Amino acid sequence: MTDAGAKADDAGVDSDRRKFLTIATAATAAVGAAFAATPFVASWQLSERAKALGAPVSVDLSKLEIGQMITVVWRKQPIYIFKRSHAVVAELVRNDASLKDPKSAESDQPAYATNEQRSRRDDLAVLIATCTHLGCLPKQHFEPGDVELGADWPGGFRCPCHGSRFDMAGRVFNGSPASVNLKVPPYSFPTDSTLLIGDDESAAQGAA
Amino acid sequence: MASNDAQFKPGFWGWLNKRLPVESFFREQLLEYYAPKNFNVWYFFGSLALLALVMQLFTGIFLTMFYKVGDTTSFDSVEFIRREISYGWLIQYLHSVGASAFFVVVYLHMYRAMMYGSYKSPRELLWLFGMFIYLALMAEAFMGYVLPWGNMSYWAAQVIINLFSTIPVIGPGLVEWIRGDYGVADATLNRFFSLHVVAIPLILLLLVALHLVALRQSGSNNPDGIEIKERRGSDGKPLDGIPFHPYYTVKDVVGVGVFLLLFAVVVFFVPTFGGLFMEEANFEPANPLSTPEPIAPSWYFTPYYAILRAVPNQRLGALLLLMAVLLFFFLPWLDRSPVKSVRYRGWWYRGFLAVFTVSFLTLMYLGLKPATGAYVTAARVSAIGYFAFFLLMPLYSRWDRVKPVPERVSFHA
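Residue numbers (the numbering used here), protein chains in the order written: chain A, 1 to 208; chain B, 1001 to 1413.
Hints listed in this document are in silico derivations from the structure and should not be mistaken for laboratory results. Small disclaimer: the values here were computed from a predicted structure and weren't measured. Just so it is clear, CB atoms sit at the ideal spot from N, CA and C, and this is done for glycine as well. Any given hint might turn out to be false.
If you want the footprint, here are the derived chain A segments under chain B, 3+ residues with CB under 8 Å [as the list claims (entries may be wrong)]:
#	region
1	22-28
2	38-51
3	72-79
4	161-167
5	177-188
All chains should be built: construct the whole structure from the sequences, respecting the hints.
As structure tokens, this is what we get:
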């Protein structure tokens, strides 16, 4: 070592030992800092109150007509609930060629909604109304051939922020900035005319 | 000359200077700090950025006295400030217009550095500190924008936070952690308030201090990009330098006067600047069930927003947005030209700088327009121009036929 003898005080110093102790001290301090940071990082997680307020939401379906849509809030997210006619459901398959993910293979939904109509019941669509691009609220354009969207528009949703388009099952069309279909929340039907959003395990599974 | 001989002076001045180096500090930092004598109008914006920071801190402290953070109180308290506090409307407009003025000044300050190669050696760190200030400023502006809890505040928070959801694997969990709830909510608003009012201003002040220390270390660049320290007179002082005080302090005061005049015109006559500085949708309370249409960020973010929207893929769009910001950091190493100032560069660099300027301004305009048809095409073309300026720089800055740089700065008294 060239600098070992530079200072008289350093004579006889075991520099390997010194280096080891320095590194060990620094490493211990780093672990301590990580532990100390934990409560502060964890404080940003969901509070118990936020979790409690995220409980399932019950919706009465008895007054929902075909072609009608209602919006409810579950876990701070708007949920679109709308009833489709048999004709609309039957026509969904015609969109497949122009969709990014027609089979919902890349998209986020419960197993029971991984189908053409993306729903548990054929007629009733339940979708999280948060554009999968960056989270705006897609607007309802149910009328086929909508003035804004052109004569070949089959009906669905369009996001006002960045122009993503979705069909009547919340599946995203080609050419949209969004890459995946609208999410489907977990839900179930405790009775024929009640929808429970946020819980897919409730007793009767209304096979309507 | 002893650096602190003021301590031997009689009376209070001597007493003070023995305990605190007041006189020597000001002498070294102002009277004996030599700045190039050929500064032009572009050199006003550094001191104006400092002024804008101080104004924002001052008006912000007063707004915090009346603002009540919370998803049920924020919107009402801002309206309360605007309508019922004496001169509350003025303090609030000074702060909101001040944010835009800050960005105007900072963008011009950055552009000056790009024109005259001020980021090049030996000022790379100075440039990096400046870029970190720019990042902190963007975070500060975004969070401040959320605080009034208007509908545009809410949806801006929703969209910007959702950018993080495009990060693979950790994205969705990270977004929930940032928001502290399943959606943008009271928890989000509260933490943004804390960051906007305490954490980021502290970081900004620290970065500004480092920026200034780094500036003093290497000295200011100038429109000719010539190092004045390399040509010294027999007294050891730079031949092309003049003492910062009184020459540039007085010059900066003139700049401050002009700036405040224009600033006052905006504050008093067009405080919302036709929706550019304050958007109409933000005069409605936050509504999670209604996205304002059209939705556009504040003007100072629109170039990046236009790039984001120009890409028909969510992850790639977010990645290009991030790159568009971060590429500025690499300028000192992308630029291989032997000269600093655009005055002595050739047409390659000048051409690309023009492409960048036009692209940036076009993107800024397009970010305010809907993302349809020709606007998207124009945004894509401009984005290519924007990225070409940075990514091709190692090539064209080397091909460039530069002019010989004179030994002394050009100066016309």
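Going down the list of hints, with the structure as the test:
Only when three residues or more bring their CB closer than 8 Å to a CB of chain B does the claim for the region 22-28 of chain A stand; here the count is 0, and the claim is violated. Counting residues of the region 38-51 of chain A whose CB lies closer than 8 Å to any CB of chain B gives 5, so the stated coverage by that chain holds, three being the minimum. Given as covered by chain B, the region 72-79 of chain A passes the check, having 5 residues with a CB less than 8 Å from a CB of that chain where 3 are the minimum. Taking a C-beta to C-beta cut-off of 8 Å, the region 161-167 of chain A contributes 3 residues in contact with chain B, enough for the three needed, and the coverage statement holds.
As drawn, the region 177-188 of chain A meets chain B at 3 residues by the rule of a beta-carbon pair under 8 Å; at three or more, the given contact holds.
Checked against the numbered hints given earlier, the structure breaks only hint 1 and satisfies all the rest.
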